[in-house]
Amino acid sequence: MKKYTYSEKKDTRSGFGAGLLEAGRRNTDVVALCADLIGSLKMQDFINAFPERFFQVGIAEANMIGMAAGLTIGGKIPFTGTFANFSTGRVYDQIRQSVAYSGKNVKICASHAGLTLGEDGATHQILEDIGLMKMLPGMTVINTCDFNQTKAATIAVAEYDGPVYLRFGRPVVPVFTAPDQEFKIGKAWMVNEGIDVSIFATGHLVWEAILAGEKLAAEGINAEIINIHTIKPLDEEAVLRSVAKTGCVVTAEEHNRLGGLGDSIAQVLASKLPSPQEYVAVNDSFGESGTPEQLMKKYGLDSENIVKAVKRVMQRAGSRKGVLL
Amino acid sequence: MNNSNVELLKSLASQVRRDIVRMVHSCQSGHPGGSLGCTDYLVALYFSEMYHNPEFNMNGKEEDLFFLSNGHISPVFYSILARSGYFEISELSTFRKLGSRLQGHPTTHEGLPGIRVASGSLGQGLSVAIGAALTKKLNGDDRWVFSLHGDGELQEGQIWEAAMFAAHNKVDNLIAAVDVNGQQIDGPTEKVLSLGSLREKWLAFGWDVLETEGNDMEQVVGAIREAKNRSNKGKPVMILLRTSMGYGVDFMAGSHKWHGVAPNDEQLNAALVQLEETLGDY
Chain A
1 MKKYTYSEKK DTRSGFGAGL LEAGRRNTDV VALCADLIGS LKMQDFINAF PERFFQVGIA
61 EANMIGMAAG LTIGGKIPFT GTFANFSTGR VYDQIRQSVA YSGKNVKICA SHAGLTLGED
121 GATHQILEDI GLMKMLPGMT VINTCDFNQT KAATIAVAEY DGPVYLRFGR PVVPVFTAPD
181 QEFKIGKAWM VNEGIDVSIF ATGHLVWEAI LAGEKLAAEG INAEIINIHT IKPLDEEAVL
241 RSVAKTGCVV TAEEHNRLGG LGDSIAQVLA SKLPSPQEYV AVNDSFGESG TPEQLMKKYG
301 LDSENIVKAV KRVMQRAGSR KGVLL
Chain B
1 MNNSNVELLK SLASQVRRDI VRMVHSCQSG HPGGSLGCTD YLVALYFSEM YHNPEFNMNG
61 KEEDLFFLSN GHISPVFYSI LARSGYFEIS ELSTFRKLGS RLQGHPTTHE GLPGIRVASG
121 SLGQGLSVAI GAALTKKLNG DDRWVFSLHG DGELQEGQIW EAAMFAAHNK VDNLIAAVDV
181 NGQQIDGPTE KVLSLGSLRE KWLAFGWDVL ETEGNDMEQV VGAIREAKNR SNKGKPVMIL
241 LRTSMGYGVD FMAGSHKWHG VAPNDEQLNA ALVQLEETLG DY
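If you read the sequences in order, they're chains A and B.
In this text, residue positions in the first sequence follow UniProt numbering: the first is 1, and each later residue adds one.
In this text, residue positions in the second sequence follow UniProt numbering: the first is 1, and each later residue adds one.
No lab work stands behind these hints: they were computed from the structure.
One or more hints might be untrue.
[As the list claims (entries may be wrong)] Dumping the calculated DMTMM-like pairs for lysine to aspartate or glutamate here, alpha-carbon to alpha-carbon at most 25 Å:
| no. | chain 1 | residue 1 | chain 2 | residue 2 |
| --- | --- | --- | --- | --- |
| 1 | B | Lys61 | A | Asp161 |
| 2 | B | Lys137 | A | Glu304 |
| 3 | B | Lys170 | A | Glu52 |
| 4 | A | Lys215 | A | Asp36 |
| 5 | B | Lys228 | B | Glu63 |
| 6 | B | Lys137 | A | Asp302 |
| 7 | B | Lys170 | A | Glu22 |
| 8 | B | Lys61 | A | Asp36 |
| 9 | B | Lys137 | A | Glu52 |
| 10 | B | Lys137 | A | Glu8 |
| 11 | B | Lys61 | A | Asp29 |
| 12 | B | Lys233 | A | Glu52 |
| 13 | A | Lys232 | B | Glu110 |
| 14 | A | Lys298 | A | Asp284 |
| 15 | B | Lys170 | A | Asp161 |
| 16 | B | Lys61 | A | Glu159 |
| 17 | B | Lys137 | A | Asp284 |
| 18 | A | Lys298 | A | Glu214 |
| 19 | B | Lys235 | A | Asp36 |
| 20 | B | Lys235 | A | Glu52 |
| 21 | B | Lys257 | B | Asp186 |
| 22 | A | Lys232 | A | Asp284 |
| 23 | B | Lys233 | B | Asp186 |
| 24 | A | Lys10 | A | Glu304 |
| 25 | B | Lys137 | A | Glu214 |
| 26 | B | Lys137 | A | Glu22 |
| 27 | A | Lys134 | B | Glu7 |
This structure is a prediction, so every number in the text was calculated from the model and none was measured.
Construct the complete structure from the given sequences, taking the supplied hints into account.
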């Protein structure tokens, strides 16, 4: 089992800011738009470097999405920035018609996704955005897990031709993936190989899955941990290969259990390799105010709940380890 | 503009109007009213005032671009594009039929040349046009971006988000137009949701505003040229087109009743006798 450690904690949104600056350096066609949240989206470095390629649109997200679609005509690669809630639910029809159906090369970049937005509460804590975005034909959906992966993903989506929803968050979290890594859209990352259960995690839950893996190992359970950063297109091959080996599944995500990563995995398995699955996700509810840590604990999105889900699913699977529990 | 050119444009408009009523009749579906009312503006743009290349390229560099925001008037757009040479006029017969590139509302999805963004869900085209205009500025491309909107469409809030942005950021290579026919599906705009003074509204939002009769070809051409003269002076330009919904077919004109209704066989014939066949029907 690989041991993961970290020397610092950083926010994934800062990874976006760093990636956007680098993407802007590499390609002069990269432009950025923001709806009055420059500081929150960490876009200031890009603005300082390329002021003529940045557009402040004010609190007008619908216009921002439409403008981004228009900017692609003539070859620009627009990155829009606002909170996940205002990046998706508020502008769903604009994304659907002007971006997705029109096949425009727009990168919708969304910070403060999920419960870890914290104290602002449920009005701002969208838990439905992955579902909304993955239902749009042609949309790529990515949810990153730490600073380095978010930076790499931002650079990668600039080089990919097509609409992308890139989801990241507000709080500082461990930086445990490699700096200057190559990010492959649609390719799952094997965090740790194992044989007893497959844990598929995305976003902030990847670190929790790693912690859960350590706790399980201490109890003699050898969990396979796979990071699904690209929820659409899903790396079906990686999912099937792992589950064929382990026979049972836990999915972990900072999202409503309806319509998120768990459902994407379940859909693949139901048709190709039916297997017991447990969800670590928000149980079809809104969030509320609190610190990120309090909320993740209250709504069951932490390593302890991943450990419990693993034990449940192994029991259901009747695996040899399950008998010991 | 000399008289012979105006006469030529008028004769083109007559053929386009024939195309519109025949297309809508053929599939017994679609929106003839707004299409007929905006025919003169689109004929003037595509056959006189816009520099554009029917060898279609999505990026449209060094070309004038047009965005139809009120996508339901697709019949006039399709006829204009076909008659301009973007695709064969025979394809007009496929409008709204299964497997057609001429979808009910315009889309890039089926690869129809001449379309640069999907429209239909209202209020989005001005934002797209602004984005395209900004890209032209970034690319050092001094051609214009045109857009067309319905007056009922101005009830969508996104229009006013876009209006504020364009003025604040001096998007002055943009010439937008509104089809002011005073009608929408449920009745006159003044009854459904009053628009007030559009001139005052757009002026207050920081735009340069022109008004013209929208069904008088000479005035329409003159207004577009005046709009070009006023462009690149720090303000986006708005042309308010005073039109009649259904213009050119007497029993369709001036009423919201023909917004989205197809003529039957008898009505088609009654319409066609009023519209001279100048280029040959598709």
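These are the hints, each one checked on the structure:
Note on Lys61 of chain B and Asp161 of chain A: the hinted pairing holds, with a Cα-Cα distance of about 19 Å set against a maximum of 25 Å. Of the pairs offered as hints, the one joining Lys137 of chain B and Glu304 of chain A is violated, with about 54 Å between alpha carbons and a cut-off of 25 Å exceeded. About 14 Å separates the Cα atoms of Lys170 of chain B and Glu52 of chain A, which keeps this hinted pair within 25 Å; it holds. Annotation: proposed proximity of Lys215 of chain A to Asp36 of chain A is violated, straight-line Cα distance about 43 Å (limit 25 Å).
Our distance criterion of 25 Å between C-alpha atoms is met by Lys228 of chain B and Glu63 of chain B, whose separation comes to about 14 Å. This hinted pair does not check out: Lys137 of chain B and Asp302 of chain A have alpha carbons roughly 49 Å apart, beyond 25 Å. Of the pairs offered as hints, the one joining Lys170 of chain B and Glu22 of chain A is violated, with about 29 Å between alpha carbons and a cut-off of 25 Å exceeded. Restraint check: the Cα-Cα separation between Lys61 of chain B and Asp36 of chain A comes to about 31 Å, which exceeds 25 Å; the hinted pair is violated.
With a CA separation close to 10 Å, the supplied pair Lys137 of chain B and Glu52 of chain A stays within the 25 Å bound. Restraint check for Lys137 of chain B and Glu8 of chain A: the C-alpha separation of about 43 Å exceeds 25 Å, so the hint is violated. Using a Cα cut-off of 25 Å, the hinted pair Lys61 of chain B and Asp29 of chain A holds, with the two alpha carbons roughly 14 Å apart. Among the hinted pairs, Lys233 of chain B with Glu52 of chain A is consistent with the structure: their alpha-carbon atoms are about 19 Å apart, no more than 25 Å.
Using a Cα cut-off of 25 Å, the hinted pair Lys232 of chain A and Glu110 of chain B holds, with the two alpha carbons roughly 23 Å apart. Between Lys298 of chain A and Asp284 of chain A the CA atoms are separated by roughly 14 Å; this keeps the pair inside 25 Å, and the hint holds. Pair hint Lys170 of chain B plus Asp161 of chain A does not hold up; C-alpha atoms about 30 Å apart against a cutoff of 25 Å. At most 25 Å may separate the alpha-carbon atoms for a hinted pair to count; Lys61 of chain B and Glu159 of chain A meet this at roughly 21 Å.
At most 25 Å may separate the alpha-carbon atoms for a hinted pair to count; Lys137 of chain B and Asp284 of chain A exceed this at roughly 46 Å. A threshold of 25 Å between alpha carbons decides the hint, and for Lys298 of chain A with Glu214 of chain A the separation of about 22 Å falls inside it, so the pair holds. Distance restraint check for Lys235 of chain B and Asp36 of chain A: the Cα-Cα separation of roughly 23 Å lies within the 25 Å cut-off, and the hinted pair is therefore satisfied. Our distance criterion of 25 Å between C-alpha atoms is met by Lys235 of chain B and Glu52 of chain A, whose separation comes to about 19 Å.
Restraint check for Lys257 of chain B and Asp186 of chain B: the C-alpha separation of about 9 Å stays at or below 25 Å, so the hint holds. Proximity of Lys232 of chain A to Asp284 of chain A is assessed by CA-CA distance (about 21 Å); at most 25 Å being required, the pair is judged to hold. Note on Lys233 of chain B and Asp186 of chain B: the hinted pairing is violated, with a Cα-Cα distance of about 39 Å set against a maximum of 25 Å. Simply put, Lys10 of chain A and Glu304 of chain A have alpha-carbon atoms about 23 Å apart, close enough for the 25 Å limit, and the pair holds.
Taking the CA atoms of Lys137 of chain B and Glu214 of chain A, the gap is about 55 Å. The hint is violated against a cut of 25 Å. Of the pairs offered as hints, the one joining Lys137 of chain B and Glu22 of chain A holds, with about 23 Å between alpha carbons and a cut-off of 25 Å not exceeded. A threshold of 25 Å between alpha carbons decides the hint, and for Lys134 of chain A with Glu7 of chain B the separation of about 53 Å lies outside it, so the pair is violated.
Consistency with the previously given hints fails for numbers 2, 4, 6, 7, 8, 10, 15, 17, 23, 25 and 27, ordered from lowest to highest.
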